[in-house]
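Sequences and hints are given; from them, build the entire structure.
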Amino acid sequence: MTTESPADTQSPNRVGNVANYDSEKIRVLEGLEAVRKRPGMYIGDTFERGYHHLVHEVLDNSIDEALAGYCTEISIVVHADGSASVIDNGRGIPTGIHPTEGVSGVEVVITKLHAGGKFDKDSYKVSGGLHGVGVSVVNALSEWLKVEVYQGGKTHFMEFRYGKPVAPLKVTGSTNLSGTKVTFYPDHTIFTESAGFNLELLAHRVRELAFLNAGLKLILVDERAEKQQEFFFEGGIRSFVKHVNRARNPLFEEPIYIKAERDTCSLELALQYNREYQENIFTYCNNINTQEGGTHLVGFKAALTRCINFYANKNGIIKGEESVQGEDTREGLTAVISVKIPEPQFEGQTKTKLGNADVKSFVETAFGEHFSAFLEENPAIAKIIMTKALEASRAREAA
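Residue numbering for the sequence shown follows my numbering, beginning at 7 and increasing consecutively.
Keep in mind that the hints were calculated from the coordinates and are not lab data.
Don't take every hint at face value.
[Claimed, not checked] Keeping only pairs whose Cα atoms sit at most 25 angstroms apart, straight-line, the calculated DSS-like set for lysine-lysine is:
{"hint": "1", "residue 1": "265", "residue 2": "359"}
{"hint": "2", "residue 1": "223", "residue 2": "187"}
{"hint": "3", "residue 1": "170", "residue 2": "152"}
{"hint": "4", "residue 1": "176", "residue 2": "118"}
{"hint": "5", "residue 1": "176", "residue 2": "223"}
{"hint": "6", "residue 1": "170", "residue 2": "118"}
{"hint": "7", "residue 1": "265", "residue 2": "160"}
{"hint": "8", "residue 1": "176", "residue 2": "187"}
{"hint": "9", "residue 1": "223", "residue 2": "248"}
{"hint": "10", "residue 1": "389", "residue 2": "359"}
{"hint": "11", "residue 1": "176", "residue 2": "152"}
{"hint": "12", "residue 1": "43", "residue 2": "118"}
{"hint": "13", "residue 1": "160", "residue 2": "176"}
{"hint": "14", "residue 1": "320", "residue 2": "389"}
{"hint": "15", "residue 1": "223", "residue 2": "43"}
{"hint": "16", "residue 1": "248", "residue 2": "160"}
{"hint": "17", "residue 1": "152", "residue 2": "187"}
{"hint": "18", "residue 1": "170", "residue 2": "187"}
{"hint": "19", "residue 1": "223", "residue 2": "233"}
{"hint": "20", "residue 1": "118", "residue 2": "152"}
{"hint": "21", "residue 1": "152", "residue 2": "223"}
{"hint": "22", "residue 1": "187", "residue 2": "233"}
{"hint": "23", "residue 1": "233", "residue 2": "152"}
{"hint": "24", "residue 1": "152", "residue 2": "43"}
{"hint": "25", "residue 1": "248", "residue 2": "265"}
{"hint": "26", "residue 1": "223", "residue 2": "118"}
{"hint": "27", "residue 1": "160", "residue 2": "170"}
{"hint": "28", "residue 1": "389", "residue 2": "325"}
{"hint": "29", "residue 1": "152", "residue 2": "265"}
[What the hints assert, rightly or not] Restraint-style ranges between C-beta atoms, simulated for each label pair:
{"hint": "30", "residue 1": "367", "residue 2": "255", "range": "33 to 43 angstroms"}
{"hint": "31", "residue 1": "191", "residue 2": "402", "range": "46 to 56 angstroms"}
{"hint": "32", "residue 1": "109", "residue 2": "158", "range": "11 to 21 angstroms"}
None of these values were measured; they are calculated from a predicted model.
Backbone N, C-alpha and C fix where the C-beta goes; we use that ideal spot for every residue, glycine too.
Now the structure itself:
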């Protein structure tokens, strides 16, 4: 009688498998080659969304210059040949030789993943491009990329092909400008199904950024159709809420606006109720649209529910065993929540959900204090909000 060990029955070819798997089978992807091999890991997909994400990544760098206080105007240009440019009037990517890499700062930023001033707290207190992969990923996924840096009275130029430098950074002329211009042409062997840049999709993000950065001018140009749009909102996120509510019959004229800071964190929040039933809450961290919400949204919802219940109970608006649930307080609500923090923790490379635990308590406390004070100081608007929440509560109970 013969017996077989469990190992024998489960892996009859294990010896052959081991023999076939040796060190030669291990492939190391150098630099930007990894991005070209697995682009979805860096930009989400290689379809329309990912294609437009290339512009967003370059734009985020210019926005970081605005957040740092060095940039007041950004232009986004779609050229007739299908390429795109992002031009800002910031400080310009550093052009000097990097102390450890031995090449220009421009080459380091454009060719190295996880390289950039955003990892240095003295350069950027707040940054949306958390992972430091933005421009280098765009370079990796482009047939060609050209960068001009206007700095110290000189124009510096460098060109890349399929992620690799054509020649070192060189001075091509003199200028009175300051800033950076990045022009790139996406690699259509990677984006095989793209029909080019959609101006409406770009305009949506550009408008959003103009709302989130009061006083920053963004210009969107489409050379294919000879169109130009300017986005500039002194009212910031208050203008954002008004824009969303423009056809929704708001219940009071001006959005409630709250601004608060704690240590290195800041909160901007605007809200306004309308006669509709759905809620529209837009959340951002360092200008990144956190579409899946996160800790800032959790803190806001908790404080909103608590403040409305406290005010309603204190003023005898809630009767008997009535209660107002969280969903009741958000019916017909339009709100924009924008936090800026030095070290955001996002879930996933595409930054769609904020994970910082301390942001929940910051938003909950800051919003709660300001909103409670607003309700006390504005009883007429408070009554409108309470009535809206109670109507939602009673409708829910009746259902």
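Hint by hint, here is what the structure shows:
A hinted pair counts as satisfied when its Cα atoms are at most 25 angstroms apart, and residue 265 with residue 359 qualifies at roughly 22 angstroms. A threshold of 25 angstroms between alpha carbons decides the hint, and for residue 223 with residue 187 the separation of about 16 angstroms falls inside it, so the pair holds. With a C-alpha separation of about 11 angstroms, the suggested pair residue 170 and residue 152 falls inside the 25 angstroms cut-off, and the hint holds. For the given pair, residue 176 sits about 19 angstroms from residue 118 by alpha-carbon distance, which is consistent with the 25 angstroms threshold.
Between residue 176 and residue 223 the alpha-carbon distance is near 30 angstroms, which puts this suggested pair outside the 25 angstroms criterion. Of the supplied pair hints, the one linking residue 170 and residue 118 holds, its CA atoms being roughly 11 angstroms apart against a limit of 25 angstroms. The straight-line distance between the Cα atoms of residue 265 and residue 160 is roughly 40 angstroms, outside the 25 angstroms bound, and the hint therefore fails. Simply put, residue 176 and residue 187 have alpha-carbon atoms about 15 angstroms apart, close enough for the 25 angstroms limit, and the pair holds.
With a C-alpha separation of about 19 angstroms, the suggested pairing of residue 223 with residue 248 holds against the 25 angstroms cut-off. Under the criterion of a C-alpha separation no larger than 25 angstroms, the hint pairing residue 389 with residue 359 is inconsistent with the structure, at around 34 angstroms. For the proposed pair residue 176 and residue 152, the alpha carbon gap of about 12 angstroms is at most 25 angstroms, so the pair holds. For the given pair, residue 43 sits about 16 angstroms from residue 118 by alpha-carbon distance, which is consistent with the 25 angstroms threshold.
Using a Cα cut-off of 25 angstroms, the hinted pair residue 160 and residue 176 holds, with the two alpha carbons roughly 10 angstroms apart. Of the supplied pair hints, the one linking residue 320 and residue 389 holds, its CA atoms being roughly 13 angstroms apart against a limit of 25 angstroms. Among the hinted pairs, residue 223 with residue 43 is inconsistent with the structure: their alpha-carbon atoms are about 37 angstroms apart, more than 25 angstroms. Between the alpha carbons of residue 248 and residue 160 the distance comes to roughly 43 angstroms, so the proposed pair goes past 25 angstroms and is violated.
Restraint check for residue 152 and residue 187: the C-alpha separation of about 8 angstroms stays at or below 25 angstroms, so the hint holds. Of the pairs offered as hints, the one joining residue 170 and residue 187 holds, with about 18 angstroms between alpha carbons and a cut-off of 25 angstroms not exceeded. Between residue 223 and residue 233 the alpha-carbon distance is near 17 angstroms, which keeps this suggested pair within the 25 angstroms criterion. A threshold of 25 angstroms between alpha carbons decides the hint, and for residue 118 with residue 152 the separation of about 16 angstroms falls inside it, so the pair holds.
About 24 angstroms separates the Cα atoms of residue 152 and residue 223, which keeps this hinted pair within 25 angstroms; it holds. Between the alpha carbons of residue 187 and residue 233 the distance comes to roughly 20 angstroms, so the proposed pair stays at or under 25 angstroms and holds. A threshold of 25 angstroms between alpha carbons decides the hint, and for residue 233 with residue 152 the separation of about 23 angstroms falls inside it, so the pair holds. Using a Cα cut-off of 25 angstroms, the hinted pair residue 152 and residue 43 holds, with the two alpha carbons roughly 22 angstroms apart.
Taking the CA atoms of residue 248 and residue 265, the gap is about 17 angstroms. The hint holds against a cut of 25 angstroms. Pair hint residue 223 plus residue 118 does not hold up; C-alpha atoms about 30 angstroms apart against a cutoff of 25 angstroms. Only pairs whose Cα atoms come within 25 angstroms are accepted, and residue 160 paired with residue 170 is accepted, the gap being roughly 24 angstroms. About 15 angstroms separates the Cα atoms of residue 389 and residue 325, which keeps this hinted pair within 25 angstroms; it holds.
Between residue 152 and residue 265 the alpha-carbon distance is near 40 angstroms, which puts this suggested pair outside the 25 angstroms criterion. One distance hint, 33 to 43 angstroms for the beta-carbon pair residue 367 and residue 255, holds here, with the actual separation near 35 angstroms. Between residue 191 and residue 402 the C-beta distance comes to about 54 angstroms, which sits within the given range of 46 to 56 angstroms. Take residue 109 and residue 158: their Cβ atoms lie about 18 angstroms apart, and the range 11 to 21 angstroms holds.
Of the hints listed earlier, those the structure fails to meet are numbers 5, 7, 10, 15, 16, 26 and 29, in rising order.
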